[in-house]
Amino acid sequence: MSLSAAAPAIQWYPGHIAKAERSLTGQLEKVDLVIEVRDARIPLATGHPRLGRWIRGKQHLLVLNRSDMIPTTARSAWTAWFQQRGQSTWWCDAKAGTGVKQLQQAAIRSGEALNARRVGRGMKPRPVRALMLGFPNVGKSALINRLVRQKVVDSARRAGVTRALRWVRLGQELDLLDAPGVLPPRLDDQVAALRLAICDDIGQAAYDAEGVALAFLALLDQLRQRPEAGVAEALLQNRYGIAWGEGVLAASHWLEQAAARHTSGDPVRMATRLLDDYRCSRLGAIALELPDG
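Heads up, the sequence shown is in our numbering, so the first residue is 143 and it goes up one at a time.
Source of the hints: derived by calculation from the structure; they are not laboratory data.
Note that this is a predicted model, so its numbers are computed, not measured.
Misleading hints may appear alongside valid ones.
Said to hold, decoys possible - List of simulated lysine to aspartate or glutamate pairs, EDC-like, C-alpha gap at most 20 Å:
hint : residue 1 : residue 2
1    : K237      : E398
2    : K172      : E315
3    : K237      : E388
4    : K161      : E171
5    : K266      : D235
6    : K237      : D210
7    : K200      : E315
8    : K172      : D210
9    : K266      : D418
10   : K172      : D235
11   : K266      : E254
12   : K200      : D235
13   : K243      : E315
14   : K172      : E254
15   : K237      : E163
16   : K266      : E315
17   : K243      : E254
Unchecked claim - Beta-carbon label-pair distances, calculated as ranges:
hint : residue 1 : residue 2 : range
18   : H395      : G313      : 34 to 42 Å
19   : R308      : R268      : 16 to 24 Å
20   : T405      : K172      : 49 to 57 Å
21   : R424      : A258      : 43 to 51 Å
22   : A258      : L186      : 45 to 53 Å
23   : L186      : Q244      : 40 to 48 Å
24   : R308      : A376      : 32 to 40 Å
25   : A255      : H395      : 35 to 43 Å
All residues carry an ideal CB built from backbone N, CA and C; glycine is no exception.
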């Protein structure tokens, strides 16, 4: 079973994202630095195709948040992959605060370089203006709250919490612009769209939980062949007491058996439980994307 064949097409571009993107275009002229936040579990799927246009002429910091949710082997592989392309990475876990201080220092260094150029042109120094940009639910607001060390913006592990742009002052050195999650108007890559749905980085109204759970099971089967992904051979057996089957219909058979055992035969409830278990790390640290596939 291919990943894209397991679920109906996914499209999600709610009005508040379209409105925010229009507002964002007007704010970009004021921004010195773009702090791009991606989901460490799916670094490619959470990369926006318009990013190059938005960061043109500006400094760029790439943050891979939820670093705790993937194995260290996958993190090392992605670090090397981005370095080969001339891109440094900042690994963070906004929930625990890991890596946040290093990110803040990098942003401040960017501000120092900016102000050195301003002073050289006879201008006064000022706080660096940084835009926090990324897909929905990748942890931008949680990261800002960690940087400011208090809850200044709403944060929750679901897509669509931030709905308007807002400036936040971080000391005397950094101003942060928190933006709603941005998505392409059309999700042409349906494999990437499914990965967004599995990770809850897209609105739940955009997809069918059962179909996405089947795609997730098929993906786990593929990733079992890649040790750096972190999928234990007996993962499903150990967690749910039901072993993975063989053949094209293995995902459907597994979900039916698991539903019969755990949710009184309700496959939708079982699908939701499986996805929630992954999103809450109850299945362990698993990378859904790896650099070469």
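Violations among the numbered hints, reported as their numbers in ascending order: 1, 3, 5, 8, 9, 10, 12, 15, 18, 22, 23, 24, 25
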